[in-house]
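K.L.:
With the sequences and hints as input, model every part of the structure.
As numbered in the working numbering, residues 2 to 515 make up the sequence shown, in order.
Think of the hints as simulated: they come from the structure by calculation, not from any bench. Treat the hints with caution; some may be incorrect.
Stated by the list, open to error - List time: in silico DSSO-like cross-link candidates among lysine-lysine, alpha-carbon distance up to 30 Å: (1) K41 - K208; (2) K39 - K473; (3) K505 - K490; (4) K317 - K41; (5) K342 - K38; (6) K53 - K38; (7) K429 - K317; (8) K473 - K490; (9) K472 - K486; (10) K39 - K53; (11) K158 - K505.
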Amino acid sequence: MTTTEQWQTFELILSGPSTGNPFTETTLFAIFENANKKIKIRGFYDGEGVYKVRFMPNRIGEWHYVTQSNVTALDKTEGDFTVSAATADNHGPVVVSNRTSFAYADGTPYAPVGTTAYAWAVQDEATQQQTLNTLRANNFNKIRMTVFPKYYDYNTKEPQQYPYVGDMPQSTHPFTNDDWAVKQEDIRFDFSRFNPQYFQHLEQRIKDLDALGIQADLILFHPYDHWGFARMGKHFNHLYLQYIVARLASFKNVWWSLANEYDLMDIAGQIHLGEWDDLCQTVSLEDPSDHLLSIHNFYDLPRHGFTTNNWYDYSKPWITHLSIQNFSMYRSAEWQHGYQKPVIFDECRYEGNIEMGWGDLSAEEEADNFWKAMCHGAYASHGETLIDKPHTARPIWWAHGGKLYGESYKRINYLAQLITDNGLTDLKPIGIQTANWELYAGATRDDNNVIVYFGTSQPRFERLPFLPDGKKYSAQLINTWDMTKQAFKNDIDSDTWFEMPQHKYQALLLTAKE
2 MTTTEQWQTF ELILSGPSTG NPFTETTLFA IFENANKKIK IRGFYDGEGV YKVRFMPNRI
62 GEWHYVTQSN VTALDKTEGD FTVSAATADN HGPVVVSNRT SFAYADGTPY APVGTTAYAW
122 AVQDEATQQQ TLNTLRANNF NKIRMTVFPK YYDYNTKEPQ QYPYVGDMPQ STHPFTNDDW
182 AVKQEDIRFD FSRFNPQYFQ HLEQRIKDLD ALGIQADLIL FHPYDHWGFA RMGKHFNHLY
242 LQYIVARLAS FKNVWWSLAN EYDLMDIAGQ IHLGEWDDLC QTVSLEDPSD HLLSIHNFYD
302 LPRHGFTTNN WYDYSKPWIT HLSIQNFSMY RSAEWQHGYQ KPVIFDECRY EGNIEMGWGD
362 LSAEEEADNF WKAMCHGAYA SHGETLIDKP HTARPIWWAH GGKLYGESYK RINYLAQLIT
422 DNGLTDLKPI GIQTANWELY AGATRDDNNV IVYFGTSQPR FERLPFLPDG KKYSAQLINT
482 WDMTKQAFKN DIDSDTWFEM PQHKYQALLL TAKE
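P.N.:
If you want it as structure tokens, here you go:
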């Protein structure tokens, strides 16, 4: 009998028809049963007469399956397999924990320390391998990446293959926003026929990330499109979502991001605002593994100011966490409280030197945003948009992956290690409604560990009245930019004044004394 480890992929492979259009003409499901638990899972066509059903079992023990299909050769196939306990570094998928935090399914703490390399998986092989090497050498444990290729400034090279049957000539002109206004008569792809090799390659990259302990935050739709993938219409959008979920829901390190800048797709005339509830629910209903699911908003300061009016309604039950583009880091505590869900600043501008405001942040400011988010019990994602010359052909991390050239990632590595070493993965924001509102402070649920970030504030004499009464803490003074830590000369409580050195980007790590 076949044995599969808990939270790994059990794969049933069957042979069936390859004539006609198997993607639309053949239906395949399998019913998986263990004791009183029964799960129905959609299968998919993987090309060349091969059909597959994939399942991520979350229970150990004996499982039985039977297939259902409109094709005799695929119908009523039965079998049994054993699910063994998870071993080694297999902690299962990431889930929401304590309402506003995350953990692995087995309870192991997890705090997302994200980065962004949207189209890295469709670059040339050398760039993809360089991306994996860069990730291996750093502490990022989540990466935002697109399923579809991307067409935008610095992103005008055609991918080596496409997700659908069809092709596209290489553009010979610089990018303009008009490139996204694809006319139906100009679309050269058959949205009823997937290219299995494209998705097989994507799967290998997701497996590579899993081997590095990295979550793949998969962006299912985006507006940066000149192929027509953002204009497929409701029917083919559904077909795509059913296919991608059937292929990938058994991968434990997958998250679903329904869209990047979902509301920009409405502005561009691609997918309208009223369609997103249906698309989100489709993914939620199709996914038997209940992966994390969210959606990301457009942000343009002249257009949106400091409002959140264009946000998707994150209170919807199928949304597991907030995935926001915003740099009002102070409001993370408000949003955690209001939505009772984790908050991730998945885009809070990028360290870079390009000509656009979202991509020209200093390294100090990028690292500062991370510290502000994490110390308030929220999370953030990094991005880097550093170029060596106008219209550069050198890979830019935010879009292509490759190599990091900046300075913020080093400080984010340091912060990530500090969080892990000191059990700070699940923090509650404190001190919000006090005179110390300029500080970013978070405490563990038992108040035994506290982190206080001063950012650009430089008080000479300080007091922390928001600390729990009656608790005294030893302290370590952290220079977050120099990445140094030293014992602080004073114990700290809620009443005592203490003197601080006057520098930017300092933090205090407090540990309760017996």
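K.L.:
Each hint: holds or not?
P.N.:
Going down the list of hints, with the structure as the test:
| no. | hint | result |
| --- | --- | --- |
| 1 | K41 - K208 | holds, 24 Å |
| 2 | K39 - K473 | violated, 52 Å |
| 3 | K505 - K490 | holds, 19 Å |
| 4 | K317 - K41 | holds, 24 Å |
| 5 | K342 - K38 | holds, 28 Å |
| 6 | K53 - K38 | holds, 22 Å |
| 7 | K429 - K317 | holds, 23 Å |
| 8 | K473 - K490 | holds, 14 Å |
| 9 | K472 - K486 | holds, 22 Å |
| 10 | K39 - K53 | holds, 19 Å |
| 11 | K158 - K505 | violated, 42 Å |
Of the numbered hints stated above, those contradicted by the structure are hints 2, 11, listed in ascending order.
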